[in-house]
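All chains, full assembly: derive it from the sequences and hints.
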Amino acid sequence: MTDFLQLFLSGLATGSIYALAALGFTLLWQASGTINFAQGEFVMLPAFMMVVLLGSGLPLYVAFAVSIVLSVLVLGWLFKRGLVDPLFKYGMMPIVVATIGLSIAMRNGVRAGYSAEPQPFPQVFPDKVFDVAGVTVSAGDIGTFVFAMLLVVVTQAFLNKTVTGRAMQAVAQNTESASVLGINVPRMIFYTFAINAVLAAAAALLVTPTYLAKFDMGEGLGTKAFFAAIIGGFNNSRGALLGGLIVGVCENLAAAYISPAYKDAVALLIFMVVILFKPQGLLGKKEERKV
Amino acid sequence: MKKLNLFITLAVLAVFLVVPSFLKNYGIHIFTTWLVFIIATMGLNLTVGYAGQKSLGHAAFFGIGAYTVAILLKAGFSFWLGLPVAALICFFTGLALGFPALRVQTIYLAFATLGFNTALWLVMRNEEWLTGGTFGINNIARPSLGGISFDGNLAYYYLVLVFTVVLALLLWGLLRSPWGKAFTALRDNAIRAESLGIDTRGYTLLSFAIGAVYAGIAGGLYASQVQFIDPALFTVGASIMMYLMVVVGGPGYFLGPVLGSAVGVVLPEWLRFAQAWYLFIFGAAVVMLMIWLPDGLLSIPDRIAARRASREASAARAAAAKAAQGVQA
Amino acid sequence: MTHPHQHNRPEGAPVLKVTDMKKAYGAIQAVGGVSFEVRPGEIFGVIGPNGSGKTTLFNSMLGQITPDEGKIELKGQDVTKCGPLELNRRGVGRTFQTLQVFGKMTVRDNLIVAAQEHHGSMFSRMFAPSDSGLGAKADALIDQFHIRHVAHKKAGELSYGQQKLVDIAMAFMSEPDLVLLDEPCAGVNPSLVGGISTLLKDLNRTRQGSFVVIEHNMDFVMDLCHRIMVMVEGKVLAIGTPEEIRSNKQVLDAYLGN
Numbered sequence: 001m002t003d004f005l006q007l008f009l010s011g012l013a014t015g016s017i018y019a020l021a022a023l024g025f026t027l028l029w030q031a032s033g034t035i036n037f038a039q040g041e042f043v044m045l046p047a048f049m050m051v052v053l054l055g056s057g058l059p060l061y062v063a064f065a066v067s068i069v070l071s072v073l074v075l076g077w078l079f080k081r082g083l084v085d086p087l088f089k090y091g092m093m094p095i096v097v098a099t100i101g102l103s104i105a106m107r108n109g110v111r112a113g114y115s116a117e118p119q120p121f122p123q124v125f126p127d128k129v130f131d132v133a134g135v136t137v138s139a140g141d142i143g144t145f146v147f148a149m150l151l152v153v154v155t156q157a158f159l160n161k162t163v164t165g166r167a168m169q170a171v172a173q174n175t176e177s178a179s180v181l182g183i184n185v186p187r188m189i190f191y192t193f194a195i196n197a198v199l200a201a202a203a204a205l206l207v208t209p210t211y212l213a214k215f216d217m218g219e220g221l222g223t224k225a226f227f228a229a230i231i232g233g234f235n236n237s238r239g240a241l242l243g244g245l246i247v248g249v250c251e252n253l254a255a256a257y258i259s260p261a262y263k264d265a266v267a268l269l270i271f272m273v274v275i276l277f278k279p280q281g282l283l284g285k286k287e288e289r290k291v
Numbered sequence: 001m002k003k004l005n006l007f008i009t010l011a012v013l014a015v016f017l018v019v020p021s022f023l024k025n026y027g028i029h030i031f032t033t034w035l036v037f038i039i040a041t042m043g044l045n046l047t048v049g050y051a052g053q054k055s056l057g058h059a060a061f062f063g064i065g066a067y068t069v070a071i072l073l074k075a076g077f078s079f080w081l082g083l084p085v086a087a088l089i090c091f092f093t094g095l096a097l098g099f100p101a102l103r104v105q106t107i108y109l110a111f112a113t114l115g116f117n118t119a120l121w122l123v124m125r126n127e128e129w130l131t132g133g134t135f136g137i138n139n140i141a142r143p144s145l146g147g148i149s150f151d152g153n154l155a156y157y158y159l160v161l162v163f164t165v166v167l168a169l170l171l172w173g174l175l176r177s178p179w180g181k182a183f184t185a186l187r188d189n190a191i192r193a194e195s196l197g198i199d200t201r202g203y204t205l206l207s208f209a210i211g212a213v214y215a216g217i218a219g220g221l222y223a224s225q226v227q228f229i230d231p232a233l234f235t236v237g238a239s240i241m242m243y244l245m246v247v248v249g250g251p252g253y254f255l256g257p258v259l260g261s262a263v264g265v266v267l268p269e270w271l272r273f274a275q276a277w278y279l280f281i282f283g284a285a286v287v288m289l290m291i292w293l294p295d296g297l298l299s300i301p302d303r304i305a306a307r308r309a310s311r312e313a314s315a316a317r318a319a320a321a322k323a324a325q326g327v328q329a
Numbered sequence: 001m002t003h004p005h006q007h008n009r010p011e012g013a014p015v016l017k018v019t020d021m022k023k024a025y026g027a028i029q030a031v032g033g034v035s036f037e038v039r040p041g042e043i044f045g046v047i048g049p050n051g052s053g054k055t056t057l058f059n060s061m062l063g064q065i066t067p068d069e070g071k072i073e074l075k076g077q078d079v080t081k082c083g084p085l086e087l088n089r090r091g092v093g094r095t096f097q098t099l100q101v102f103g104k105m106t107v108r109d110n111l112i113v114a115a116q117e118h119h120g121s122m123f124s125r126m127f128a129p130s131d132s133g134l135g136a137k138a139d140a141l142i143d144q145f146h147i148r149h150v151a152h153k154k155a156g157e158l159s160y161g162q163q164k165l166v167d168i169a170m171a172f173m174s175e176p177d178l179v180l181l182d183e184p185c186a187g188v189n190p191s192l193v194g195g196i197s198t199l200l201k202d203l204n205r206t207r208q209g210s211f212v213v214i215e216h217n218m219d220f221v222m223d224l225c226h227r228i229m230v231m232v233e234g235k236v237l238a239i240g241t242p243e244e245i246r247s248n249k250q251v252l253d254a255y256l257g258n
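Chains as they are written, first to last, in this note's numbering: chain Y, 1 to 291; chain P, 1 to 329; chain F, 1 to 258.
Hints were generated in silico from the structure; no laboratory data involved.
Using N, Cα and C, we set each Cβ at its ideal position, and we do this for glycine too.
Treat each hint with caution, since some may be false.
Partial selection, computed: residues in chain Y whose CB lies under 7 Å from chain P [as the list claims (entries may be wrong)]: (1) Pro59; (2) Leu60; (3) Ala105; (4) Asn108.
Encoded structure:
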């Protein structure tokens, strides 16, 4: 039983990282109809930004802060203005393919331009282990989970309780009505992209100490975030959280109880089951067919 | 068909007929792969470009075709039995995949096709008794017909070319028939289409089924071409690449797949000179291409025509305004 | 003010018979017991303030939604549960309130696709010629609607008024027995409204089909329709000829007068 709890808890930690990436992904979709196939690389890039900054001698928290700013600029503003805005009115296809190209470019740009080797990354949380009623939990797992959940909660609070946040939600639900109401739609959409960049940078900070920074670290992460978002409910930001945690926990349990080879297949399988029986996701609402 | 289009098509055909005979094995291999992907993306272009569906699982049918032919060849059956069987299996599987399309909307349909692809890939990877698992199937034979053996790469290339031309003509015929308009109506306004008596359900299912058949035949041809297949060829990543090829070439344009497959198959080879950077350039090129030409490469003529039309319209308006001023003065 | 075509009052077994239709959305009774008949060759107008249930009635008649109660009979057959596809196959055509032409197809192709599915089977259509033999019919309608000069253009390139004409023409291509027109004059230049009215009268006379027209343009409705039904708050207030409706005190109070 203690084994199970241990796996469950560390699964929650990994799952909370997936939740961050999935949340950003879902918000982008809701606000602008963008399916970001480069979401995994959006986590990879800040990781390498931090690697570079750390390499030049900056302390971790400064490197993190700078990479947040850079991410908002590049993955938020530049991405929106350069890629999404021109293609917005052409429907889903061009944006999807453009983000596919973007992910290939980013991945291989880092590989060719920086290194194909994994880069070491300092620990964010102290290397301590706690014993809680016979269950061993690492400080890293607790720290990761708490930090990630804090971010998710803050993001949700921002979206639900502030004027700007509610304006963003209005834009996500009905862009035309929102602009009629005087909401600056392009700016709200930019804020969404900015939030995605911040969440991705945070995910980078949390995941890289364990998995190291490698040019292809985005592939698996992006796929899992994608599945997590769909499993939880693509039109619901709480769904991203739920989906991420479910994927994280089930992965861990599957790796231990079935076999490590099936770890990656778990997200796949849950995804398929959900798609078959509830395609709008566990927390999602059925979308009406527009006349 | 406009004279210019006919001329271009014949020119393209001429290139495919003549160029490979001057190439070495590697070049022939690239051209053959190019043709195989033209066939596969012709099918996807029907489903996605002409019928407006979302399909991110096309590589699954490519895989079904490849494995069917490979398994049957290994079991001693003829290639000429394997290929039709592959096509048939893909037809019915494609129909089956079309059913979620009837219930589920755009983005969720994309996810469902992804799920289908991954499910099939898992089967390919795990069912060793059938597919050889991660080891794949090797020593796949080349076919022969009458007395002609297609063991030689150039000979096999021309066989694939025949298939490509025949399949292209069949598709062309289908799109010229009333089906073509029905697909366009389904894509552009399914609700209106239904109110006009167009069986949107039927056409949706068939767009998946026919698209699948093309991918299946392409897969079968590919299996004999490369003579070794494993599940890595038929992942969601492969489906996404095929989708990329259709969109870059131009969805709903008949020759889109030719260009799109060139971008997906031939371009990475050309870029090899850039060594480590070649994939970066490829990815960046795709991004640039999409931003510049969201409707695909073949939308260039339409854009030029549209720009000319709007220039003529504003010139006409300016002339009319001038005339009105002249009258008033 | 009598109009030549109104002298031929349509008689005979009704093409469309709606009996006691009810449809509620939650607590709102959008349609609360509506009954009427449309006779062969008749132009039947439906008017009423916004929210009176006209659109819900229409959508029920066209199979987009299923009524809670009531019966819809087309040429004597119960079609209450039929969807839009089935209804079209049985001879019902329609136009939409918002423009719904196929923008990327030429005008002529729009008309052809509007009727091609009524000829042969899906399988036989694979081998049929591109225009399914409907070229002449399409050309005839194009001339009747005076859009010959734009027939070769893509429908999306036409002006709003021209697209509206294409939209209406499409509804008539399959020679339906009943055509439902949802605000055919909406958003159309006032100078074109008379043309639409004339067109519809011509079509009515030459094709003997029945039309049901929802419209807000009073002059248009009074001039065009043989009979008019007034709806208020989901119920029928009055059904009668334009003269009867115009002089109906209740209707004047509720709708026309102010």
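The hints, checked one at a time:
no.	hint	verdict
1	Pro59	31 Å, violated
2	Leu60	29 Å, violated
3	Ala105	3 Å, holds
4	Asn108	4 Å, holds
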